[in-house]
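Protein chains in written order, with this note's numbering: chain A, 1 to 293; chain B, 1 to 315.
I should point out that these hints are in silico values taken from the structure, not numbers from a laboratory. By construction, the Cβ of each residue, glycine as well, lies at the ideal position given by its N, Cα and C atoms. Keep in mind that a hint or two might mislead.
Counterexamples of contact, computed for chain B against chain A with all Cβ distances above 10 Å [unchecked claim]:
(1) ASN12
(2) GLY14
(3) GLY16
(4) HIS79
(5) ARG88
(6) PRO103
(7) GLN125
(8) SER171
(9) GLU250
(10) SER292
(11) LYS307
Below, computed lysine-lysine pairings styled on DSS-like, alpha-carbon distance capped at 27 Å [said to hold, decoys possible]:
(12) A/LYS175 - A/LYS103
(13) A/LYS107 - B/LYS24
(14) A/LYS175 - A/LYS64
(15) A/LYS175 - B/LYS24
(16) B/LYS24 - A/LYS110
(17) A/LYS110 - A/LYS175
(18) A/LYS110 - B/LYS165
(19) B/LYS165 - B/LYS243
(20) A/LYS107 - A/LYS175
(21) B/LYS307 - A/LYS44
(22) B/LYS24 - A/LYS103
Footprint (simulated), chain A over chain B, 3 or more residues, beta carbon under 8 Å [claimed, not checked]:
(23) 48-55
(24) 109-120
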Amino acid sequence: MPSGAKKNRFNWYDAIVYSLLLLFTLLTLVPFLFVVGGSFASTKELLEKGVVLFPTQFSLDGYKYIFSTSTFITSLLVTVWITVSGTAVNLVMTILTAYPLSKSELKGQKICMMLIVFSMIFSGGMIPTYLVVKAFGMLDSYWSLIIPGAISGFNLIVIRNFFQQLPEGLEESAKIDGYNDLQILFRIVLPLSMPVIATFALFYAVGHWNTYFNAILYITDSAKWPIQVLLRQIVILSMGGIGDSNAFDVNFVPPAQTVKLAAIVVATVPILLIYPFLQRHFTQGMMLGAMKG
Amino acid sequence: MERGGIPLIEFNRGFGRFRHLVFKNRWLYLMLLPGMLYFLLLKYVPMWGILIAFKNFQPFLGFNDSEWVGLAHFERLFHDPGFVRLLRNTFVLAIYNILFFFPLPILLALLLHEVRKIAFKRWVQTVIYLPHFMSWVVVVGIVYVLFTTEDGVVNSVLLDLFGYKIEFLTSSEWFRTMITSEVIWKESGWGTIIFLAALAGVDPQLYEAARMDGASRLRLVWHISLPAMRSVIVILLILQLGKFMDNGFEQVFLMLNATNSDVGEVFDTYVYRVGITTGQFSYSTAVNLFKSVIGLVLVVVSNRLAKRFGEQGIY
Numbered sequence: 001m002p003s004g005a006k007k008n009r010f011n012w013y014d015a016i017v018y019s020l021l022l023l024f025t026l027l028t029l030v031p032f033l034f035v036v037g038g039s040f041a042s043t044k045e046l047l048e049k050g051v052v053l054f055p056t057q058f059s060l061d062g063y064k065y066i067f068s069t070s071t072f073i074t075s076l077l078v079t080v081w082i083t084v085s086g087t088a089v090n091l092v093m094t095i096l097t098a099y100p101l102s103k104s105e106l107k108g109q110k111i112c113m114m115l116i117v118f119s120m121i122f123s124g125g126m127i128p129t130y131l132v133v134k135a136f137g138m139l140d141s142y143w144s145l146i147i148p149g150a151i152s153g154f155n156l157i158v159i160r161n162f163f164q165q166l167p168e169g170l171e172e173s174a175k176i177d178g179y180n181d182l183q184i185l186f187r188i189v190l191p192l193s194m195p196v197i198a199t200f201a202l203f204y205a206v207g208h209w210n211t212y213f214n215a216i217l218y219i220t221d222s223a224k225w226p227i228q229v230l231l232r233q234i235v236i237l238s239m240g241g242i243g244d245s246n247a248f249d250v251n252f253v254p255p256a257q258t259v260k261l262a263a264i265v266v267a268t269v270p271i272l273l274i275y276p277f278l279q280r281h282f283t284q285g286m287m288l289g290a291m292k293g
Numbered sequence: 001m002e003r004g005g006i007p008l009i010e011f012n013r014g015f016g017r018f019r020h021l022v023f024k025n026r027w028l029y030l031m032l033l034p035g036m037l038y039f040l041l042l043k044y045v046p047m048w049g050i051l052i053a054f055k056n057f058q059p060f061l062g063f064n065d066s067e068w069v070g071l072a073h074f075e076r077l078f079h080d081p082g083f084v085r086l087l088r089n090t091f092v093l094a095i096y097n098i099l100f101f102f103p104l105p106i107l108l109a110l111l112l113h114e115v116r117k118i119a120f121k122r123w124v125q126t127v128i129y130l131p132h133f134m135s136w137v138v139v140v141g142i143v144y145v146l147f148t149t150e151d152g153v154v155n156s157v158l159l160d161l162f163g164y165k166i167e168f169l170t171s172s173e174w175f176r177t178m179i180t181s182e183v184i185w186k187e188s189g190w191g192t193i194i195f196l197a198a199l200a201g202v203d204p205q206l207y208e209a210a211r212m213d214g215a216s217r218l219r220l221v222w223h224i225s226l227p228a229m230r231s232v233i234v235i236l237l238i239l240q241l242g243k244f245m246d247n248g249f250e251q252v253f254l255m256l257n258a259t260n261s262d263v264g265e266v267f268d269t270y271v272y273r274v275g276i277t278t279g280q281f282s283y284s285t286a287v288n289l290f291k292s293v294i295g296l297v298l299v300v301v302s303n304r305l306a307k308r309f310g311e312q313g314i315y
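The following block holds chain B by itself, in its conformation from the complex (with noise of 0.2 Å):
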């Protein structure tokens, strides 16, 4: 007898085999079984809960009778005056965060990786670690308790020396200022970390030897520091590149006010404002997948020329 041209006898066997393998391993996939559905029914049926960006979804009607209108909700957000607006709110935020977030981490890795007074050393990374593991709630309140104009320090200090205050939280002219100024304080210390690892991984050998023929204290960090940490660099801009379009959501949200809203008013702030306030759940998703492609587009293009130049990439 046989079966899909597989002779019965040794089917039977394969598969006996196979159910050898799970039985043996069986503690194993019990235990794996939760995590794989979670991972099925949290991250992958949202997936496919995307194709409601291509519906006109009807909380009523559910996923599957609500009808499908193509490109529709798409085409919207194209035609909609605001979107120009939306995309240039987000490309500045995630431009002055490259520019002026991204290097400090690595100077601050460079200066610590200098210091030869372990205390010293020590007492500076357990202070900058500390604002991690704040959140931003906490984070934009001192800042809020801060730079108000009311009875604000900031503006308190400002007013007695230069006699005028700053309107920092509700002015458009400051928020991107205050937005990257947060992300440096909150992130810039624990960014160090990564950028630390890569350098303990030095041959001490080879600055001994460039400063027998010489070398200077910078050119070691120049010819011998920097060149260490060149692939983490690497990695890590091309996963910002990935975040391009995300800006710190939380951060975002919590600073934005009616005042600010021209120029802080990002993609992941408007998909919340028009899905979850206004209840427009197709159009927000067709909005944030939209966002999500340039994410995926900006990653592969990174990371190929990442390849070019003969770094290793992340995949």
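Just chain A, with the same shape it has in the complex (with noise of 0.2 Å):
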């Protein structure tokens, strides 16, 4: 640091690096509120100067229209059950298997650690992965979303590494208390692992809430599709209109960039509100999982 007399003086290395850090954060930051801020705009003024960063005539036409389709909320509600059930598959197997493989004096362990490891730098490829989702049946069921990434080798291993940590007197005392493996991993760790679980939960919920290829791929259903097939068809094959409008007057279409702005934002909110509050603990859990490698 420089020292008192310096104190005052412009100092151009700071000035620099908050510069550049303020400039990144706002080249971020801009082209969402743009779509955020033409979402609410006007049609009128979105027609005039074609996106809106303050719209000065607040307008709600673009989300009136997408949720008077049935086909917007269809996919929004499939979407939010695949991330619900999704993310409950997910971390009861990934903590299940990621327990036993945290006890490196079991038998069989090491083996196990091995397969799991090797699956991350290899795997099968895009076509034996579909034959074998097919072979099971699952084409065009949303287990098809699930059970392929049931668990993800990478957050397995931050866990058990997590799990690892945890001081060995606690599980020894609850085994005397007459506790079994199962007692144990419910009673006392789960309860000690909460903000890695969260993390991890967060994660997973992203990915399912995310879901784009295996749907395209699994789901050839239209009805069945999730809500960023849809917006694909909407914003970037710019379909127009979705499908059936109830609710509306069938007359009143908003111009189709409206309609596109609101869905990304649609698309996007449920995940930005859910992050802030996590953001302490993925900082932490993926350092974790980052040192361990």
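Take each chain as given, in its own frame, and dock them per the hints.
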């Protein structure tokens, strides 16, 4: 740090550091603000200016329209369902597998770990996996969006490393009290691991919310499409209106741009709402995992 | 009585001990069962399924009864005039990624590490992590909305200032730039986490001592902060090389259209196109296998190089 005499002098070094970071932060923020701002702009303003950062006339036309279509609501519900049930499956499977693997004295633990690590480096690829999913009869069923990704090897290893760091004495004394391993896991280990579990719940949930490719691979029935697939139809392929509009006046369809912007916002906001609460945890969680490799 | 050279009594005792061990840990093994079944059925069975790359897989005949054709599918790939283009597109995107994206999280982490105002630092971090949580559909969607030639802001501004528009989304010239910029926008903030973790582990006394010796702040970065990140940089570079052939499938797939496929078609999108949409399962599995093997070779080579330079490597 500069000494006291220099304190008030303009510091070029700090100025450069802060302005570079500020620039990058704004570059990150502005595109999204354009989308959010534009989605609330009135049709007229949007047509005149293209995209609006701060709308002068507030309007909810885009949102009213997409929520008047049953297609959009259905795919939103599908996504909520996959996110909730998929994350539950992820957590149960990952925790149940990670806990025994954290016992390095357990016979066979090493082999299982090797199998898991190898499956992270090398995989069968798209077609053989597709054929397996098909053979299990999961095509066109929501299971195809849940089961093939039931455990992430990376998440599993981070959670296992966390379990390994817990003090052994706790589990020893529980064993003396007559707890079996399942009871120890649920009554002692899990309550101590909530921040880590919450972090990975977020990661898994984000994955399900954003699920796109598996959906176009495994789901051909458009009535079962999750929101990201529908979003691609609306925004990237510019399919214009979204199927059937019932509550709305049939003649009233807001311009494509408004619909697109509102759809992007609705497909993003749920994640943005959970994220700030967990930010501190996942920074720690990631560091834990990162350092252990 | 003997059995396979081991006296039966001892065999029984050994088996008994094994049974005891399994019984003692029965809950642990029971917990492990679903997870390991998952890995075997959904990760290892598909690996076995790679063998269809050497067969002529017919869905109605099934895996076992389809005939073996040896390397025929690989020969077809190597003789395909599009093969060189596929290889070039995949490599160029990967090289763009390493040249332009890879250094950015390192730079950002160094900048963040210099910030003393905690509130500012936290605000910057909150914002730059955010895009990581958006799907590729959303990111590409935002890009489409902002960059279209009809009513995108970027082109309206260009038109006002310079009097012309640029076809960002429907031309070959801009495809790679757009792909790399999108990766930078979405992931460079998130990428800082691991480097910040490495920087957090540096003993503050090191900085103090260097400052006493009259080192400037730039010198502290060069001689203390950067070396502290060295091993993480090497590990991430190896991992990056391992994914060299992957190109971020969803993103490329979403940005791809008829006007830019000459530079945009990469191995992953090709596998999907010929495999799923035209049903040539065996051929596209062969293409995928070729891709995976190149990726594996790159990991092994770069890991060996890392060790030669005195780093730990990933295995």
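How the hints compare with the structure:
1. ASN12: 19 Å, holds
2. GLY14: Holds, because the least Cβ-Cβ distance between B/GLY14 and chain A comes to about 13 Å, which exceeds 10 Å.
3. GLY16: Fine: 15 Å to the nearest Cβ keeps B/GLY16 off the interface.
4. HIS79: For B/HIS79, whose nearest Cβ neighbour in chain A is about 21 Å away, the distance exceeds 10 Å, so it holds.
5. ARG88: The claim holds: B/ARG88 sits with its nearest Cβ about 21 Å from chain A, beyond 10 Å.
6. PRO103: 13 Å, holds
7. GLN125: About 8 Å separates B/GLN125 from the closest Cβ of chain A, which leaves it inside 10 Å; violated.
8. SER171: Holds, because the least Cβ-Cβ distance between B/SER171 and chain A comes to about 16 Å, which exceeds 10 Å.
9. GLU250: At about 5 Å from chain A, B/GLU250 fails to clear the 10 Å cut-off, so the statement is violated.
10. SER292: 6 Å, violated
11. LYS307: B/LYS307 clear of chain A: closest Cβ-Cβ about 15 Å, beyond 10 Å.
12. A/LYS175 - A/LYS103: OK: A/LYS175 and A/LYS103 at ~15 Å, within 27 Å.
13. A/LYS107 - B/LYS24: Holds: A/LYS107 and B/LYS24 sit about 11 Å apart, inside 27 Å.
14. A/LYS175 - A/LYS64: The given pair, whose Cα atoms are some 58 Å apart, is violated under the 27 Å limit.
15. A/LYS175 - B/LYS24: Holds: A/LYS175 and B/LYS24 sit about 12 Å apart, inside 27 Å.
16. B/LYS24 - A/LYS110: Holds. B/LYS24 to A/LYS110 sits at ~18 Å (cutoff 27 Å).
17. A/LYS110 - A/LYS175: Holds, at about 24 Å.
18. A/LYS110 - B/LYS165: 59 Å, violated
19. B/LYS165 - B/LYS243: 35 Å, violated
20. A/LYS107 - A/LYS175: 19 Å, holds
21. B/LYS307 - A/LYS44: 63 Å, violated
22. B/LYS24 - A/LYS103: 13 Å, holds
23. 48-55: The restraint on the region 48-55 of chain B holds, since 4 of its residues have a Cβ under 8 Å from chain A and three suffice.
24. 109-120: holds (count 5)
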